[in-house]
Amino acid sequence: MSRRKRAEAEEIIERADASLLEIIDHVLNKGVMLQGEVILGVAGVDLVYLRLNALLCAADRLLPARGRR
Amino acid sequence: MIGLYAIALGAPPELTGARGEPLRVLRCGELELVHGEVPPPLSAEALRAHEAAVRRIAEGALACLPARFGCCAEDEAALSQLVESRQVELAEALRLVRGREQMTLRVHGARGAPPATGGPGTRYLEQRRRAMTLPELDPLRAALANLVRVERVEGHADVASVYHLIDRGAAAAYQRTVESIRLDGLRIAISGPWPAWSFAPEMEQ
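If you read the sequences in order, they're chains W and R. The working numbering puts the first residue of the first sequence at 674, with every later residue one more than the last. The working numbering puts the first residue of the second sequence at 1255, with every later residue one more than the last.
Pair by pair, the computed Cβ-Cβ distance ranges are:
(1) R:Ala1370 x W:Ser692: 38 to 44 Å
(2) R:Arg1377 x W:Ser692: 36 to 42 Å
(3) R:Glu1346 x W:Ser692: 30 to 36 Å
(4) W:Ser692 x R:Arg1441: 17 to 23 Å
(5) W:Ser692 x R:Glu1275: 22 to 28 Å
(6) R:Pro1393 x W:Ser692: 26 to 32 Å
Covered stretches of chain R (chain W as the covering partner; in silico rule of three or more C-beta atoms under 8 Å from a C-beta of chain W):
(7) 1293 to 1305
(8) 1439 to 1453
Read the hints as simulated data drawn from the structure, not as lab findings. Please read all numbers here as calculations on a predicted model, not as lab measurements. Ideal placement from N, C-alpha and C gives every residue a C-beta, glycine not left out.
My request is simple: use the sequences and hints to build the entire structure.
Structure below.
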């Protein structure tokens, strides 16, 4: 996990609204870990949460494939 | 490099991907692998674009298993290799989601007091069982019995997620039903309809 990728992921969370959080959770829900979950309050909606680890893992998957084989 | 968007059955023609590129369909047995260009760098816009592209596939196809953002392969040969050994499992998953869409519930405040009886082991197992099944939702389940075809629950420390497959077009009735049920101590947020994100097998290599 590079620092740049982590910063990008955190920036997305910073700017997220409720519908984006749902998108993140559905579109990136993979390699889910039980720890590292965050619950976010956005515009009065505190029920939406996402798995930070899953987001960060997904960012890593975008690195060139040969490094992951 | 190519990026996978979905594994589908009866994918519609003239689909476009997250970058606006035309999508291609690679047949692998009865599976249709819908793919396009490599996804753009991770950003909120990229995630929305991927979700929208998958949604277009799901809306036009008979059945659609979404691929997560960032699922890539070197070329078409590598892509079919990725799914070849899992054709049976994927075909089964396609049958499950065919003609259906997903609703998602975030349930806050579930998991009441731990059971008072039994030894520590029994109490632990009972608590785990409750976290996996959320018996608090049974009144809601009864009300939704005619609408929900498949349920999947993910219990977590503070918020549980409940994923329901419903028949296409039933989302409004589903939403009305959920909103009409009061559950003591629980708060529930609904979203959907979604493509069947939570019913697609993981495609990690």
